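Student: Going down the list, the protein sequences come from chains A and B.
For the first sequence, full-length UniProt numbering begins at 1 and goes up steadily by one.
For the second sequence, full-length UniProt numbering begins at 1 and goes up steadily by one.
Errors might be hidden in some of the hints.
[To be verified] To give a feel for the contact side, a few chain B residues facing chain A, derived at Cβ under 7 Å:
| # | residue |
| --- | --- |
| 1 | 41 |
| 2 | 153 |
| 3 | 154 |
[To be verified] 25 Å max Cα-Cα, derived BS3-like pairs, lysine-lysine:
| # | chain 1 | residue 1 | chain 2 | residue 2 |
| --- | --- | --- | --- | --- |
| 4 | B | 212 | B | 353 |
| 5 | A | 423 | B | 424 |
| 6 | B | 272 | A | 129 |
| 7 | A | 39 | A | 5 |
| 8 | A | 422 | B | 94 |
| 9 | A | 353 | A | 369 |
| 10 | B | 272 | B | 94 |
| 11 | B | 26 | A | 129 |
| 12 | A | 272 | B | 424 |
| 13 | A | 25 | B | 212 |
| 14 | A | 39 | B | 422 |
| 15 | A | 423 | B | 423 |
| 16 | B | 189 | A | 424 |
| 17 | B | 423 | A | 39 |
| 18 | A | 112 | B | 423 |
| 19 | A | 29 | B | 189 |
| 20 | B | 426 | A | 272 |
| 21 | B | 112 | A | 423 |
| 22 | A | 123 | B | 426 |
| 23 | A | 353 | A | 39 |
| 24 | A | 424 | B | 353 |
| 25 | A | 295 | A | 369 |
| 26 | A | 129 | B | 422 |
| 27 | A | 423 | B | 272 |
| 28 | B | 112 | A | 424 |
| 29 | A | 71 | B | 184 |
| 30 | B | 353 | A | 426 |
| 31 | A | 39 | B | 424 |
| 32 | A | 39 | B | 94 |
| 33 | A | 94 | B | 426 |
| 34 | A | 94 | B | 422 |
| 35 | A | 424 | B | 423 |
| 36 | B | 272 | B | 112 |
| 37 | A | 189 | B | 71 |
| 38 | B | 189 | A | 5 |
| 39 | A | 426 | B | 422 |
| 40 | B | 129 | A | 424 |
What the hints contain is simulated information worked out from the structure, not anything from laboratory work.
All figures in this text were calculated on a predicted structure; none of them were measured in a lab.
Backbone N, C-alpha and C define an ideal beta-carbon position, used for all residues, glycine too.
Number of protein chains: 2
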Amino acid sequence: MNIPKISYPRIVIIGGGFAGVALAKKLSKQEVQVVLLDKHNYHTFQPLLYQVSTGGLEPDSIAYPIRKILKDFPNFHFRLAEVNEIDTTCNTIKTNIGELKFDYLVVASGSKTNYFGNSEIEKHSMAMKTIPQSLDLRSLILENFEEALLTSDLNERIALMNFVIVGGGPTGVELAGALAEIKKGILPKDYPDLDTRLAQINIIQSGDCILKGMSENASAKAEEFLEKLGVHVWKNVRVTNYDGKTVTTNSDLTFQTATVVWAAGVQGASIKGLQAEEYITRGNRLLVNNHNQIKGFEHIFAIGDIACMATEDFPNGLPMMAQPAIQQGQQLGDNILKLIENKPMKPFVYKDKGAMATVGRNKAVVDLKNIKFQGVFAWYVWMFIHLFFLIGFRNRMVVFVNWVYNYIRFDREARLIIRPFKKKFKS
Amino acid sequence: MNIPKISYPRIVIIGGGFAGVALAKKLSKQEVQVVLLDKHNYHTFQPLLYQVSTGGLEPDSIAYPIRKILKDFPNFHFRLAEVNEIDTTCNTIKTNIGELKFDYLVVASGSKTNYFGNSEIEKHSMAMKTIPQSLDLRSLILENFEEALLTSDLNERIALMNFVIVGGGPTGVELAGALAEIKKGILPKDYPDLDTRLAQINIIQSGDCILKGMSENASAKAEEFLEKLGVHVWKNVRVTNYDGKTVTTNSDLTFQTATVVWAAGVQGASIKGLQAEEYITRGNRLLVNNHNQIKGFEHIFAIGDIACMATEDFPNGLPMMAQPAIQQGQQLGDNILKLIENKPMKPFVYKDKGAMATVGRNKAVVDLKNIKFQGVFAWYVWMFIHLFFLIGFRNRMVVFVNWVYNYIRFDREARLIIRPFKKKFKS
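For reference, chain A alone in the conformation it holds in the complex:
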C-alpha cells in the first residue's frame, strides 16, 4: 500500500467517523505512525444528514476533508480504501488497494442500515446513513412531486406525496419534522397547480413510544410536536414488507407510498476476519472490554458504533451515537500510548451527556444529565450544540448562514435534483 516503514509502531485505524477522527487527533504528534483508512475522503457529520435530504443544508457543509483534519501531523497517512478482510494471525489487513501490516489495529468502521434480512425492503426503501444516500433521498422527494404533477390518477398522485418513515428514533423524528415544515412552507408556493394538502407524513414505530432511550417527557412532547405539525405517528406497528408500492404491517394497516425511508435499525459494519462467535454480538457489534480491546486480542480494538461495551447503565452496550464514539476515541489514544510504554491502561468510563432531537421549526426536546426540557429554548440549545460539534470554521459559518436564512424566510433553497434518482429523470 506504499506506506513508508519507520521505527515507530504502526497504528491502523479503519474508519474516519467520530471515533476514528477523535483517536487520530489524540495520536497526532506522538511517536507513532498512524494510517487511517476510509471509503470516503471526508468525515461526515451524520446528525445533520436529514437536513441535506430535505434541502436545508448543502452536503458539502456537513462534510470535512479527512486529510485536512490531520495535515499538521508528520507521521499520519490517509488512504481512500475499503477494507475487505482482517487477518488477525498475520496482523495484516487486506483492502481494495493492497495489504498492510499493523502493530495495533483499531476498528472504527461504524454502523450500517439493518433491514433485518428483508431484501425486498432493502431494495425498495431509502436509507440515510451517508451523504450520497441523503442526496438520493433529496432527489427522490423532489422527483416525486414533479411526477405527482404529471399523473391524472389520483391514487398514484397521493402515493407519490405520501412519505413513510419507518423508525421513531432521532433520525426518523427529525426527518419527519423537516418534511412537515416543507409541506407547510414550501410546497404550496412551489407547486401552485398541485393540491399539496394531499401530502402525508407517516412515522411507523414498532414500540410503544418514539425517541426510545430518551425521557418519557421528551418522547411525549416530541409526539405532540409532530402531531401538531400534521405528522401521523403510528405506534406499536411493525412493518412487515414494502414492495415498492405498498407498505404492509403486522396489523390491517397498509400504506400506498412511493417513498419509504428505513430508519428502523442499524447494525455494526463488521469486517470479514473479525466475526468469531466469542466476540461478535447482537446487531453485528464487536464485544470489547473497558479498554476497547476485542476479546482475545491485546492489540486489536474497536471503538464507536461497531464496539459493544456493556456498562452498568447500558448492559446491552453503549448507545450508537456520537458521544460514546468521541469519548472512546479520545481515551483509546491515551491507552494505546500507555500500552506501547507497557504502562497499565485506564478503564473507559462513559460520561453520559444526554440526548436531543429537533422537531421542526422552533421545537426540540433535550435530555441533559440533570435537566430535561422541551420547546423553543431546547431548539436553541440543539442548534448551538450542533454548530459547536461541526468540524471546521467554514462549515459552521455556512451552516449558520443557511439556518438564519431558512428561519427568517421559511425556506430551504437546496431543493435541487442534481443527480436524479429515478430512471425517468436521468438524462
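With chain A's structure known, arrange chain B on it following the hints.
Tutor: Chain B alone, transformed into the frame defined by chain A:
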C-alpha cells in the same frame, strides 16, 4: 402534459438558463400563460462551475430552484422535462413527459460541448457545462491524487498529476488558475507523502492567443499571470486525439495524462424539428432576426447561446455568453407582449458590457467598454460582478463566506469525493 387551458396565449420556453429565466421574469404578472421546461429543476450559474470543480464552492450555492424564481407569478408552470422534438406545423412540442401545444415558442436551450465529431475525445475527456459534470471533474481530480499515492510506476504517477485543459477561453483559463492555486497551497499539505511538484497544468490553445475575443492586453496579461503560476500555455497547437492516456496534437507534442478537460468549443443545443438548412448555421445555432424570430416563423423565437444573431460588430453572431442571453430574454419579453397586441416589435440592440476572467488568487483581466485593466483591482471587480449576478441572497452569502474563507486561509474545503467518478473508487 397536464397544463390547464386558459384564455391567455400560451408561451412555452425551452430552457431555464440566463435567457429563459430573464424572459420568464419579464412575462410575470402579464396576461399570458408561461410554461418553462428544463432538464434540471434549477438554474445554473455557469460562470462559477470551475470553482465547483476545484473545491472552492459548494455546487448548491451556484444553483437556484427554478420554481422559486417565479413563485409569485400566477400563470407560470414549470415542468422537469426533456424536449425531444418540435412540430412547427402543429405548434406542438414532444417531450419525455408528453406533448404540449404552444401559441408562442421560445427556444432557449443553450449550448453543449462541441467535440467536432471526435468520439474518442468525447469518451475520454471531461466537460464542464453542468453541475453534475463539474462534480465529476472534482471527483476525478481528487481520485487521481489518491491513485498517484498508490502507484510505484513514476510515469503513471506523473500522468495522474498532469492536467491538460484544451481551450484557452475563459473556462480553460479560470480552471487552470484555480488548479495552479491548489497545486501551490493545498497539495503539499494534503499529500505530504507525494512529490506534488510533479503536478503539471497545461493549457492547449489552437489559436495564437488565449482569451480570444478580449483585448490584446487582457490576453497577454492573462498569459503572464498563468505562466507565473506555473501553468504551461501551448499556443498554435491543435489537439488531434486523446485515447484516455495520450493527447496527440498536430505537432510532435504529446501529453501523457489521466485528465483532459475539453473546453475547446461549444455548439448550440439544437432540437429535432428545428434544423432546417435555411436557419441552422455554424455551430448548430439558429439564425434569428433582430426580433429573435427564427427565419420563416413569426411565433417561434430563439434566444441566448442557441440563437445566432448577426450584428455589425459580431457578423458571426453575438458571443455565447450570459450578457447577450439576459438582454435578449428581457427584450423578447416586451416584444412578445407587443406581438400579442399587434404592435410593432423593437429591434434588439446589444449593449456590450465587456468581458472578464480571473486567473488565480488576486489576479484578473477586465475589458469594459471604455476601460480595460488587469491585476488586483480587476480581481475585486470580477468578484463583485459575479456576486451581484448570482441569483438569490442565500447563494450570495454562502459564496461570499467561502471566498473570504478561501482567501484568508489559502484553502478550498469542498475537496470531497462525494460521487466517485472512477470505477475503482465506487463502493
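Student: Determine for every hint whether it applies to the structure shown.
Tutor: Going through the hints against the structure:
{"no.": "1", "hint": "41", "in the structure": "5 Å, holds"}
{"no.": "2", "hint": "153", "in the structure": "11 Å, violated"}
{"no.": "3", "hint": "154", "in the structure": "13 Å, violated"}
{"no.": "4", "hint": "B:212 to B:353", "in the structure": "16 Å, holds"}
{"no.": "5", "hint": "A:423 to B:424", "in the structure": "23 Å, holds"}
{"no.": "6", "hint": "B:272 to A:129", "in the structure": "43 Å, violated"}
{"no.": "7", "hint": "A:39 to A:5", "in the structure": "23 Å, holds"}
{"no.": "8", "hint": "A:422 to B:94", "in the structure": "21 Å, holds"}
{"no.": "9", "hint": "A:353 to A:369", "in the structure": "6 Å, holds"}
{"no.": "10", "hint": "B:272 to B:94", "in the structure": "10 Å, holds"}
{"no.": "11", "hint": "B:26 to A:129", "in the structure": "43 Å, violated"}
{"no.": "12", "hint": "A:272 to B:424", "in the structure": "21 Å, holds"}
{"no.": "13", "hint": "A:25 to B:212", "in the structure": "50 Å, violated"}
{"no.": "14", "hint": "A:39 to B:422", "in the structure": "13 Å, holds"}
{"no.": "15", "hint": "A:423 to B:423", "in the structure": "20 Å, holds"}
{"no.": "16", "hint": "B:189 to A:424", "in the structure": "43 Å, violated"}
{"no.": "17", "hint": "B:423 to A:39", "in the structure": "13 Å, holds"}
{"no.": "18", "hint": "A:112 to B:423", "in the structure": "22 Å, holds"}
{"no.": "19", "hint": "A:29 to B:189", "in the structure": "16 Å, holds"}
{"no.": "20", "hint": "B:426 to A:272", "in the structure": "20 Å, holds"}
{"no.": "21", "hint": "B:112 to A:423", "in the structure": "22 Å, holds"}
{"no.": "22", "hint": "A:123 to B:426", "in the structure": "19 Å, holds"}
{"no.": "23", "hint": "A:353 to A:39", "in the structure": "30 Å, violated"}
{"no.": "24", "hint": "A:424 to B:353", "in the structure": "41 Å, violated"}
{"no.": "25", "hint": "A:295 to A:369", "in the structure": "31 Å, violated"}
{"no.": "26", "hint": "A:129 to B:422", "in the structure": "22 Å, holds"}
{"no.": "27", "hint": "A:423 to B:272", "in the structure": "23 Å, holds"}
{"no.": "28", "hint": "B:112 to A:424", "in the structure": "22 Å, holds"}
{"no.": "29", "hint": "A:71 to B:184", "in the structure": "15 Å, holds"}
{"no.": "30", "hint": "B:353 to A:426", "in the structure": "37 Å, violated"}
{"no.": "31", "hint": "A:39 to B:424", "in the structure": "11 Å, holds"}
{"no.": "32", "hint": "A:39 to B:94", "in the structure": "43 Å, violated"}
{"no.": "33", "hint": "A:94 to B:426", "in the structure": "17 Å, holds"}
{"no.": "34", "hint": "A:94 to B:422", "in the structure": "21 Å, holds"}
{"no.": "35", "hint": "A:424 to B:423", "in the structure": "23 Å, holds"}
{"no.": "36", "hint": "B:272 to B:112", "in the structure": "15 Å, holds"}
{"no.": "37", "hint": "A:189 to B:71", "in the structure": "6 Å, holds"}
{"no.": "38", "hint": "B:189 to A:5", "in the structure": "20 Å, holds"}
{"no.": "39", "hint": "A:426 to B:422", "in the structure": "19 Å, holds"}
{"no.": "40", "hint": "B:129 to A:424", "in the structure": "22 Å, holds"}
Checked against the numbered hints given earlier, this structure breaks hints 2, 3, 6, 11, 13, 16, 23, 24, 25, 30, 32; the rest are met.
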